[in-house]
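Order-wise, the sequence lines are chains A, B and C.
Just so you know, the first sequence maps onto residues 26 to 292 in the working numbering.
Just so you know, the second sequence maps onto residues 61 to 385 in the working numbering.
Just so you know, the third sequence maps onto residues 11 to 306 in the working numbering.
No lab work stands behind these hints: they were computed from the structure.
No residue lacks a Cβ here, since even glycine has one placed at the ideal position from N, Cα and C.
Treat the hints with care, since some could be wrong.
[Stated by the list, open to error] In the DSBU-like style, the derived pairs of lysine-lysine whose C-alpha atoms are separated by at most 35 Å in a straight line are:
1) 114(B) - 145(B)
2) 245(C) - 114(B)
3) 300(C) - 199(A)
4) 272(A) - 199(A)
5) 199(A) - 145(A)
6) 245(C) - 145(B)
[Said to hold, decoys possible] Some residues of chain A that are not near chain C, with every Cβ distance over 12 Å (derived):
7) 90
8) 114
9) 152
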Amino acid sequence: MTRPLLSVRNLTIDYVGLASDFRAVDDVSFDIAPGEVFGLAGESGCGKSTIAFAISRLHRPPALIRRESRILLDGRDVLDLPAEALRQFRWREVAMVFQSAMNSLNPVLRVEDQFHDVLKTHGERDRSRRRERIAEVLRLVDIDPDRMRDYPHQFSGGMRQRIVIAICMALNPKLVIMDEPTTALDVVVQREILQRIDELRRRFGFSVLFITHDLGLMTQFCDRIGIMLAGRLVEVDNAATIHDAPKHDYTRQLWAAFPSLHAEHGA
Amino acid sequence: MPFLLRRVLFYLAAFLVAATINFFLPRLMPGDPVQLMFASAGNAMSPENLQALKLTFGFVDAPLWQQYLTYLQSIVTGDLGRSIKYFPLPVTELLGRAIVWTAALMGTATIVSFALGSLLGAIAAWRRGGLFDVTVSVGAIFATSVPAVVTSLVVLFVFGFTLGWFPSGYAAAPSLDPAFSAAYVGSVLYHAVLPMLTLCTVLTGGFVVTMRNNMINLLGEDYIVMAQAKGLSDRRVMLWYAARNALLPTVSSLAIALGMVLGGSLVTEVVYNYPGLGNVLYQAIIARDYPVIQGQLLIMTATMLVANFIVDVSYVLLDPRLKRA
Amino acid sequence: MTALLRGLLHNRKAMVGFALIALIVIVALAAPWLAPYDPGARSGRPHQPPSLDHLLGTTRLGQDVLSRLLWGARTSLAVGFGAGLLITAVGTVMGILGGYSGGRTDDVVSFLTNMVLVVPNLPLLLVLAAFLGQASPIVIALILGFTSWAWGARVTRAETLSVRQKDFVKSAEMMGEPRWRIMAVEIFPNLLSIVGINFIGSVVFAVITEATLEFLGLGDPRAVSWGIMLFNAQKASALAVGAWWDILTPCFALALLGIGLSLLNFAVDEIANPRLRTGGRLGRWSALIKAGEGRL
Chain A
26 MTRPLLSVRN LTIDYVGLAS DFRAVDDVSF DIAPGEVFGL AGESGCGKST
76 IAFAISRLHR PPALIRRESR ILLDGRDVLD LPAEALRQFR WREVAMVFQS
126 AMNSLNPVLR VEDQFHDVLK THGERDRSRR RERIAEVLRL VDIDPDRMRD
176 YPHQFSGGMR QRIVIAICMA LNPKLVIMDE PTTALDVVVQ REILQRIDEL
226 RRRFGFSVLF ITHDLGLMTQ FCDRIGIMLA GRLVEVDNAA TIHDAPKHDY
276 TRQLWAAFPS LHAEHGA
Chain B
61 MPFLLRRVLF YLAAFLVAAT INFFLPRLMP GDPVQLMFAS AGNAMSPENL
111 QALKLTFGFV DAPLWQQYLT YLQSIVTGDL GRSIKYFPLP VTELLGRAIV
161 WTAALMGTAT IVSFALGSLL GAIAAWRRGG LFDVTVSVGA IFATSVPAVV
211 TSLVVLFVFG FTLGWFPSGY AAAPSLDPAF SAAYVGSVLY HAVLPMLTLC
261 TVLTGGFVVT MRNNMINLLG EDYIVMAQAK GLSDRRVMLW YAARNALLPT
311 VSSLAIALGM VLGGSLVTEV VYNYPGLGNV LYQAIIARDY PVIQGQLLIM
361 TATMLVANFI VDVSYVLLDP RLKRA
Chain C
11 MTALLRGLLH NRKAMVGFAL IALIVIVALA APWLAPYDPG ARSGRPHQPP
61 SLDHLLGTTR LGQDVLSRLL WGARTSLAVG FGAGLLITAV GTVMGILGGY
111 SGGRTDDVVS FLTNMVLVVP NLPLLLVLAA FLGQASPIVI ALILGFTSWA
161 WGARVTRAET LSVRQKDFVK SAEMMGEPRW RIMAVEIFPN LLSIVGINFI
211 GSVVFAVITE ATLEFLGLGD PRAVSWGIML FNAQKASALA VGAWWDILTP
261 CFALALLGIG LSLLNFAVDE IANPRLRTGG RLGRWSALIK AGEGRL
């Protein structure tokens, strides 16, 4: 494998309690290569979203990333970045699509403004050039640029999630994290969004960290998959192997939990 | 706009309730309502004047529903009767003069403490658990839990009497004639400092608590986390993503807080001998000047309803989801 | 319920609040033994400054301020807790009734609630009290109870709407339990923290409003209460003539009671909604960060 884009080493995250801590992520290590789609699967509460938040350092107290943890992006440890460097690193290098399509955009700001602020803070001072860029990325996701003056509530859930993806594309990031990006959407829209991401990935070459509890969806979409159980990464392998010959008991249980399509995997 | 229209209809109904209370209250009391209401007039009023006053309040020889309509008619035509203490001054004139002072005091204090309290609350929520948060939160608890009477008396004692920095009463120096002169306006501002300080102390704490709670409940929302992930500055995320949204429920709680604002300013005016509604009312209560006491309920209710309507409108302006395209 | 109590025992705000209120309650109960003079009797010359004879000085009428303060605590507490209980009871019943019944009943309850919220409270109280003549503390408590329940009703109704959807309510309905029983036995126990917050808030409101009404001259001037103390002191221009002890003593007492109750209220709020907390585990988190155990 070529030099990894993202390299997570011994990542351990606790939620600090009054007397004892809850260990949400326990000594997790994995790599993502440039251009690769890596999936993290597991039931809710297993720590997969906690990992995603740690990569952009979005945690708030009482979350605590233990000191032995390393998150290397292009060889640089994200956890060591000072405040201003971290601010510049965010979105330029790692962009993120969040769980709820209905709630990722600020309801009281025009869609346009939610592009402007990210472009401006990352160095584009000229308003008309920003406008051009906004129109360009909106076209990438098939949203009419004329609608950039609208507010989020004037768009459907699927459209809003496409707008978020357009915001992700604004700065050509190296890694896009997708934290259950389609849970709130219906199946047809879900598929459309994923195909769109895949298409953009082929065109621009970014890597994807894809997080979901839907193992079936994941095997169709990812190159490699990691299975998480109670904060630990129990199995990492190619998507095909995870699908055809899972090694860990828990992976088999996950397959067994799928009712129809993957019934042949039943224990 | 249907939302605002519905509110207006509701406010009209609320005003009718206040008027109805005024109408029935004296009639429900034991004894003769006319005697009760105008007893303090004694012999100072001529029979014709008394007759006119009785008509205004619906005391006519007719069934109750006609009396009620008569009373409503006088309200609609803007006739709230005459003050007994200051006879023959009409109640509307007496209260109208006073309300200018109250509205200025209340309005400024509300706006200042709403802005200040919301800002402090937003910063406290953003830095939750830090020294700033603890200081502001505890300060807010103290400020809100002390009655306005107490705050105004203590402020008056410290700054008015002990330190002597500011005048201890009245809206302007009594030697000056009301005019648009620098001396008069300056005097008015100087006299307003302590009442304003009192009201802002009483009110700011409540807005701090409301804003802090609303904002903390929002901080986990995806759009705020996404704003941070976008690499925006803390200031931008705090003000334009978190505080801007937390302001919506805060504004709607402002409507309810207005009742408290009103109560607080009435008391403050009495303590500072300020010529607003509070003081007029205080005098009226001591003299049992019932037409004035009844009139103030209508005027204050109307003021509250207008203030509520302003809050409704600003809510619509603040939340694009309520605007029609 | 036990979780709530355990939470309160671990909360610094709650403990300070408890201590303040306990102090005032004990003082009020022990007034007959603690008070050096009869609170109504003239026991010295008018407006005497604090001395060994009169620890907190005397009023304009020569009454002992300390004795009036101690006896007055009884009135303030009784009106506060009595009216607070009444306000909470009416608000809770209205809120549960509206929230659980839905339909026409809910429309009526909501309309009434909003109406009472929008008609300003103090002016209404003034009109009521004025027509009732000089209102004794009991009358003030009753008026407060029947005019100030709307805020509690609104909060309780909102909470009832969410509890109503829970499975145990649905199953009780399936089993054909009578409606009053579902409201009283299934729903009410789940609203305890809301009702608690409402109760303490109402007590604060009642204490403040009683003092305000009396200060404005609507109380019975012969009653011994903190509001009447303020009224008499203000009428005697106590501050202007330099008799600060006459007016600042009841001020201090009212502030103490208000702060004690509010601290308790904020503590209950924090326990019901842990995100609002300021100390506790966040303190431990900062300590771990400082110790280099981890970062964010």
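- request: Hint by hint, work out which the structure violates, then give me just those numbers in ascending order.
  value: 7
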